[in-house]
Each structure stands twice: as C-alpha cells, then as structure tokens.
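A.B. asks: With the sequences and hints as input, model every part of the structure.
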Amino acid sequence: MIMNNELQKPDDATLILRRLLKAPQELAFQVWTSAEHIQQWMRPEPGMEVPLASMDLRVGGKFRIQMKAPDGEYYTAVGMFQEVKAPERLVYTWDWEKDGSGAEFGEVEGKTSLVTVEFLNRGERTEMVFTHTRFATVESRDSHARGWGKIVESFAGIVEKE
Amino acid sequence: MVEYSSKLLDRTFGALADPTRRRILAQLAEGEECVTDLARPHRMSLAAVSKHLIVLEKAGLVRRRRNGRVHSLALEAKPMREARAWIDRYRKFWEGNLDQFEKYLEQLQTKETKQDDHEQ
Chain A
1 MIMNNELQKP
11 DDATLILRRL
21 LKAPQELAFQ
31 VWTSAEHIQQ
41 WMRPEPGMEV
51 PLASMDLRVG
61 GKFRIQMKAP
71 DGEYYTAVGM
81 FQEVKAPERL
91 VYTWDWEKDG
101 SGAEFGEVEG
111 KTSLVTVEFL
121 NRGERTEMVF
131 THTRFATVES
141 RDSHARGWGK
151 IVESFAGIVE
161 KE
Chain B
1001 MVEYSSKLLD
1011 RTFGALADPT
1021 RRRILAQLAE
1031 GEECVTDLAR
1041 PHRMSLAAVS
1051 KHLIVLEKAG
1061 LVRRRRNGRV
1071 HSLALEAKPM
1081 REARAWIDRY
1091 RKFWEGNLDQ
1101 FEKYLEQLQT
1111 KETKQDDHEQ
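Chains A and B are the protein sequences, given in the same order. Here the numbering used here is used: the first residue of the first sequence is 1, the next is one more, and so on. Here the numbering used here is used: the first residue of the second sequence is 1001, the next is one more, and so on.
By construction, these hints were calculated from the structure, which means they are not laboratory data.
Below, computed lysine-lysine pairings styled on DSS-like, alpha-carbon distance capped at 30 Å:
1) B:Lys1092 with A:Lys85
2) B:Lys1078 with A:Lys98
3) B:Lys1103 with A:Lys68
4) B:Lys1103 with A:Lys62
5) A:Lys22 with B:Lys1103
6) A:Lys111 with B:Lys1078
7) A:Lys98 with B:Lys1092
8) A:Lys62 with B:Lys1092
9) A:Lys62 with A:Lys22
10) B:Lys1058 with A:Lys111
11) B:Lys1111 with A:Lys22
12) A:Lys85 with B:Lys1111
13) A:Lys68 with A:Lys111
14) B:Lys1078 with B:Lys1058
15) B:Lys1078 with B:Lys1051
16) A:Lys98 with B:Lys1058
17) A:Lys98 with A:Lys111
18) A:Lys68 with A:Lys98
19) A:Lys68 with A:Lys22
20) A:Lys22 with B:Lys1114
21) B:Lys1092 with A:Lys68
22) B:Lys1092 with B:Lys1078
23) A:Lys111 with B:Lys1051
24) A:Lys111 with B:Lys1092
25) B:Lys1092 with B:Lys1111
26) A:Lys85 with A:Lys62
27) A:Lys22 with B:Lys1092
28) B:Lys1103 with B:Lys1092
29) A:Lys62 with A:Lys98
30) A:Lys111 with A:Lys62
31) A:Lys85 with B:Lys1103
32) A:Lys85 with A:Lys22
33) A:Lys68 with B:Lys1111
Quantities reported herein were computed from a predicted structural model and do not represent experimental measurements.
C.D. replies: Set out below in structure tokens:
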C-alpha cells in the first residue's frame, strides 16, 4: 500500500508523485482530461486561474492550458497526446509557450518534456502515479532511469555539502 | 515559475546517459582520483576512459587538476544542483496542482451526493 502524497525521485531528470485519490478511476480520469474541469482545478499557485483550456483527447491530438497569474503573467502549457488509454493511462508531451497570452497555439520555448499519468483502480479509490521527465519520449526516459538510485544518493551528499 | 533548459543541463543529462560514465561518477563520489586509477575497474584502455572523461568535463560534471604528469579528477556538483532545481520547480508546480485536483474531486462528489439526496 502506498502512502499518500509519496514523492519519489528515481533520477535527477524525473519527478514522480503518487496520490491515493478519494474518487473512482473513471471520474479521476474524466476530471483530469476535460477542459471544463481543468479550468476549475488547475491551480499551481493560489490566485492563478485558467482563462482557456482545450483538450483534443486522442493519440496525436493536442492540448493547450493557459494559466494566468495574479500579476497578469501568462503561463501557457501545450502538448500532444502520445498514449490515451481511458480510464487508466495517459502520456503527453509538455512545452511552455514563449508568450502564452494569445487565444491560439503560439511559439514554444525550451526543451520538450514528457508527462505520464496513471490512474490505478483501487475500488472506491484511485491510486494516481504522476511522472514528469525531462526526456521527450518514454523510451529515452526508461533507458535513462535504469540503474540510477545509487549515484543520485552519492551526489545528494556532495550537493548538500556545498 | 518554470524556467529551465540551459544547454549545460542538456549536456549534463546526455553525459549521464552512459553506464560507464555513471560508474566513473560513482567512483568520484567517493573522492578525487587520478586517471589511471579510474581506468582500472573498467577494463578499458586509458584512451577509452579519457574519452568518457572529456564528455564529463564538457558537461561540467568533473573538473581536472594537473599535478605534473598526473591528472586527477573530482566531481563537480553545480550541474547536479541545476538538474535538481529543474525537478524542484516542477515539484512545486505539480504538487500545487495535485492538491487542487484532489480537493476538486472531493467537492464534485459531495455535490453529487447532495443532489442525489435531494432527488430522493
């Protein structure tokens, strides 16, 4: 059994978050993937809002989530679905738009990263496993993640000393 | 909020993608070593190990000190710190989002239950 809000770091390029949600799998998947719901829950920081969200939920389909901070700054995320297996698994790319204030897809900047979301059926509850990695494909992430634990531990000591 | 992607960071992850280079870094995590000692456990020529060391140096993961003819190498922590910063920014971002996602899911279901009660 997993702990709630468990955090894992298999390597220094991948973030994994786990949650045990008090909701059935179907509902969790639906709320995570529908634009209307996203506009309600997407709040990385207090006071932020989501003026626009669009989701074309199919392999090769795109999404765009425009977040607006209280200071007027826009943070707009875009990406493309690589895997869609309702109601349990989603894989999509993640990019930030340079400007982000427009109503349509704009120019992106930086490096494409990859998000994988899994919703595992636990009866009335759902175990959520959220992964965000710097690698743009599942393959590159997996080949990279192998055999990493120890080295990161050794580094951790050094990094914290400085 | 989520600013990232420097060329250095990409080089860091590229350099770390090779198992021999990860083993070299693990050796250096124990302390500074000279090139000959580093080569020994890898059953590799000095030239082959030197190639890997150059990749690691370019990524800024190790620094080289010359003491006459002996070159010794030490781990450099800065790129790892930047890699961590990338993760920490996203952790903050997603933990905030997941908190709200969780709360919202619970609110939705409370509403549904209330509506059901009302209808009955």
